[in-house]
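*Asks:* Protein chains in written order, with my numbering: chain A, 6 to 291; chain B, 6 to 291; chain C, 6 to 291; chain D, 6 to 291.
Check the hints yourself; a few may be wrong.
Same chains, same label: a pair holds when it works inside one copy or across any pair of copies.
Only pairs whose alpha carbons sit at most 27 Å apart, straight line, appear in this in silico DSS-like list of lysine-lysine [said to hold, decoys possible]: (1) 74 - 122; (2) 74 - 230; (3) 244 - 74; (4) 244 - 75; (5) 195 - 74.
Hints were generated in silico from the structure; no laboratory data involved.
Number of protein chains: 4
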Amino acid sequence: MAIVLGPNRYGKAETRLVRVIRDGDTRSLADYNVSVALSGDLAATHLTGDNSGVLPTDTMKNTVYAFAKKHGVGEPEEFALLLARHFVTTQEQVETARVSIESFGWERLGPHSFQRKGDYTRVASVVVTAEFEQVVSGITGLVLLNSTASEFRGFPRDEYTTLPETTDRILATAVDARWRHVSAGGDFAKSYAGAIEAMTAAFVNTYSASLQQTLFSMGSHVLEKRPEVAEIRLALPNKHHYLVDLSPFDLANDNEVFIAGDRPYGLIEGTVTRDDAPPAPAGWYL
Amino acid sequence: MAIVLGPNRYGKAETRLVRVIRDGDTRSLADYNVSVALSGDLAATHLTGDNSGVLPTDTMKNTVYAFAKKHGVGEPEEFALLLARHFVTTQEQVETARVSIESFGWERLGPHSFQRKGDYTRVASVVVTAEFEQVVSGITGLVLLNSTASEFRGFPRDEYTTLPETTDRILATAVDARWRHVSAGGDFAKSYAGAIEAMTAAFVNTYSASLQQTLFSMGSHVLEKRPEVAEIRLALPNKHHYLVDLSPFDLANDNEVFIAGDRPYGLIEGTVTRDDAPPAPAGWYL
Amino acid sequence: MAIVLGPNRYGKAETRLVRVIRDGDTRSLADYNVSVALSGDLAATHLTGDNSGVLPTDTMKNTVYAFAKKHGVGEPEEFALLLARHFVTTQEQVETARVSIESFGWERLGPHSFQRKGDYTRVASVVVTAEFEQVVSGITGLVLLNSTASEFRGFPRDEYTTLPETTDRILATAVDARWRHVSAGGDFAKSYAGAIEAMTAAFVNTYSASLQQTLFSMGSHVLEKRPEVAEIRLALPNKHHYLVDLSPFDLANDNEVFIAGDRPYGLIEGTVTRDDAPPAPAGWYL
Amino acid sequence: MAIVLGPNRYGKAETRLVRVIRDGDTRSLADYNVSVALSGDLAATHLTGDNSGVLPTDTMKNTVYAFAKKHGVGEPEEFALLLARHFVTTQEQVETARVSIESFGWERLGPHSFQRKGDYTRVASVVVTAEFEQVVSGITGLVLLNSTASEFRGFPRDEYTTLPETTDRILATAVDARWRHVSAGGDFAKSYAGAIEAMTAAFVNTYSASLQQTLFSMGSHVLEKRPEVAEIRLALPNKHHYLVDLSPFDLANDNEVFIAGDRPYGLIEGTVTRDDAPPAPAGWYL
Chain A
6 MAIVLGPNRY GKAETRLVRV IRDGDTRSLA DYNVSVALSG DLAATHLTGD NSGVLPTDTM
66 KNTVYAFAKK HGVGEPEEFA LLLARHFVTT QEQVETARVS IESFGWERLG PHSFQRKGDY
126 TRVASVVVTA EFEQVVSGIT GLVLLNSTAS EFRGFPRDEY TTLPETTDRI LATAVDARWR
186 HVSAGGDFAK SYAGAIEAMT AAFVNTYSAS LQQTLFSMGS HVLEKRPEVA EIRLALPNKH
246 HYLVDLSPFD LANDNEVFIA GDRPYGLIEG TVTRDDAPPA PAGWYL
Chain B
6 MAIVLGPNRY GKAETRLVRV IRDGDTRSLA DYNVSVALSG DLAATHLTGD NSGVLPTDTM
66 KNTVYAFAKK HGVGEPEEFA LLLARHFVTT QEQVETARVS IESFGWERLG PHSFQRKGDY
126 TRVASVVVTA EFEQVVSGIT GLVLLNSTAS EFRGFPRDEY TTLPETTDRI LATAVDARWR
186 HVSAGGDFAK SYAGAIEAMT AAFVNTYSAS LQQTLFSMGS HVLEKRPEVA EIRLALPNKH
246 HYLVDLSPFD LANDNEVFIA GDRPYGLIEG TVTRDDAPPA PAGWYL
Chain C
6 MAIVLGPNRY GKAETRLVRV IRDGDTRSLA DYNVSVALSG DLAATHLTGD NSGVLPTDTM
66 KNTVYAFAKK HGVGEPEEFA LLLARHFVTT QEQVETARVS IESFGWERLG PHSFQRKGDY
126 TRVASVVVTA EFEQVVSGIT GLVLLNSTAS EFRGFPRDEY TTLPETTDRI LATAVDARWR
186 HVSAGGDFAK SYAGAIEAMT AAFVNTYSAS LQQTLFSMGS HVLEKRPEVA EIRLALPNKH
246 HYLVDLSPFD LANDNEVFIA GDRPYGLIEG TVTRDDAPPA PAGWYL
Chain D
6 MAIVLGPNRY GKAETRLVRV IRDGDTRSLA DYNVSVALSG DLAATHLTGD NSGVLPTDTM
66 KNTVYAFAKK HGVGEPEEFA LLLARHFVTT QEQVETARVS IESFGWERLG PHSFQRKGDY
126 TRVASVVVTA EFEQVVSGIT GLVLLNSTAS EFRGFPRDEY TTLPETTDRI LATAVDARWR
186 HVSAGGDFAK SYAGAIEAMT AAFVNTYSAS LQQTLFSMGS HVLEKRPEVA EIRLALPNKH
246 HYLVDLSPFD LANDNEVFIA GDRPYGLIEG TVTRDDAPPA PAGWYL
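Between the sequences and the hints, there should be enough to build the whole structure, so can you do that?
*Replies:* What follows is the structure in structure tokens.
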């Protein structure tokens, strides 16, 4: 038996970049949080401290800023591809580059003025090797709520089951979703907007017998509307709203007064895919 | 010398309430986080453990939910006043009730569907005694950015000063503001909307020589537009955006590429008031 | 009626400083988060953007680092005083300097190795003017729990009261405390250690009829043991542990199985003081 | 082409459990945060809303509390196995149960009194099917720092590299580690303590040419000392401490005064394994 090095990677996480673009008196801005992770022939530094293959993570940070100037940033998927291709092609020992970007939204208030949108965050994550390029887009923190049109009944009961069945409850979740693109090209801005719209419409319009049913509806809606998406993963916390028992105060509560619970919460996770989708070349995570 | 009890209070913090209101097939909702603090003749429980004057904090929580059903919630200021008056008038030993509410915004997506707005949080805080009622409204987490029209120069330099003067920088802040109302009545919804609009307009339209100047402009704009506001306090972190030095890469950086810094940050705090404003009857805090 | 500038201050918040001190092969370290706020004759920058009295917050940051080298950091109270005196004496327009420090603890693992202690944070906050110096010490995040020896009964009941009386419950809190020193000198390390010890011992040894009683016991214990402390303020959240109803599963629950609740929570706040304590020259906050 | 359901699971996350155990007048306690995720034949609820196979997540929560009473909680790995086996064996449609537990440490202050240790959190995560049982233990949030005995040099330089080589720097990290056990039995308390001790000793005693070298040293040390561990994964952020340039103030800085940086940070991730370790039967994540 010997102790050996297994899979590994390293990089610079959370490089905070704001890129201002001028067009006459009007300015626009991109607000990105960029994380780079490289893997390849990196055994030496682990085993002997030989750093001859370890491009400094400080250099990755510099590259983010320099590329933002030289090439502009474009859509997050595009900027991530640009960076990932650079590391794979210029660093011989690097076989795989993974670049992830969080993009924070800003709403225009004037020619040079903005208000940050805090409602959700766009994410993009790409993996590039000499053989393939994989692009995943996504969203985190989109909180949706239906105040009715949600049931939960017909479930099995065991000796630890006390939950009553319900035909009318609040259904609320904070959408965390990632979808893998068929290819590494395309109109990522339009694709992103369309995916959000499809997911949101499905949430709103599904009469829900379970959050699982809503999840599948959201995922399949995205695949129906967006042919460029191969598969989608969703993680949907069930943000429980508990009906308050007001009977001690001689008050009825006809689904009017709720406790918004913190913990615990249900957590529903699922993938929706196409039966002819090519397999993902690299691991990807929600 | 004797050891004695000084000022004290107690209550239930962060009761999470969601109130659904139906109007035919359309539903609306209020999403509040309610904190209650009572003070008065409470020495006995501290000194001897005699709880005969200590209304349980659990009862305060129950009261929040029962009142939400019985009376509805209205604007946060109104619901806070309703609760505070109840505790002062029904509990003999309670002299002062302080009720604070965070109100989370939701955007309508359909007759019964909503998306949470994460951009900022509305707050209200009232103090009620037998003698007076004080109402404070406010906001937290409104992030604003001007990508130009901001300078910082003409400042004194001592032996530890290395900062260069600048005539063009990004100015960004996360607005935390509270404003005290002249009276405990009025149209709080309209007042709130107007105050936000006035603050935002002042931020956008002020050519800023310092964040202090912007702060005063924001505060005075609110007082100009809203006669029902007696005074306003603002705490504005200077969310620094550092220009990246790209010269090692033979690249210019004409205010295009910035590091969004985390810590440290400048913090500018100030009050704007009317010279004839009546003094605040109770302490209030930003 | 005119709109006028009220109280204001500005400064640099959260300058993160790690200071390494060598003693032969052994090194020790101080890990501080320093916030500076200055006030005085600062109307001009607010009203006209004239910055001739606005020492840059960047300079405050530089001063923190330069002073850490020149003078060392000592106890947090001492370093805060050093900085505050500097700003008041060297900047004519500055009347009041407020310096607050969070100090993060590290446990020694070897001559140059350390493990961060995450259990609680020491804080110090000083105010310096030409007339006085005020020193406040404190702690945040010390979580204490008694698994028995806590009651809550004998409380008043109104129509919204459903809480049963209890003679045996878990009592848990996260101690947030600040205490004001009689003078600006003394052995702050010993004082701090003694205050923590006194508070903790009082929590452990008090058979508690209410968290208020425990609060007063903790505060008075500190004043009894530490003559250098004039008064102490405590904010104690009641971290509720709810007994789980296991009767649906034909199981008893003799104070064995609890839900650790998040929100809401009780919040007990109080001051313990000496009847001959001189009044605080400046405002101070828990 | 058809749209189909892919991998999915659901469960109750973050059930907060405090279990008090009495032994005469002495009490001890376990403080767990338990998350359950089940997968198996769950297509119906996704596709048609048929919940006949969906054991409510509320029941999972009840089971956590009931089992804590009936069986006690033991070590986190044991309690996780107990719960996971229950769901797999009693719910026909469930093929795989994944149970993860965070365990928060408490230090004894008296027979019934405790202080929460905030320095790091123990975690355990098990996967159970009819075919296998997989146990992973771990830790999160252990912050370690060497104030010297760390270099970083000999690295490649490209056109974006500006970092100087260093032979003396602070090396600090927040250890996030998970290790997979060879079998589902054993003395988990002793194993856990031994793994922490091995990792910490390796961090302290390694003269480090790179954080990668330290990572491999930590991982291999655990495998050397703990034969029950098959492989270990570590994610080590490089918590950068930047030397402050004090030359503008005519001060030297011989590794004495540092800025503790927030973002960006290096992130070093790696696996250390045995060359004869059996493959993991289920996916596991750091």
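*Asks:* So which of the earlier hints does this model not fit?
*Replies:* 2
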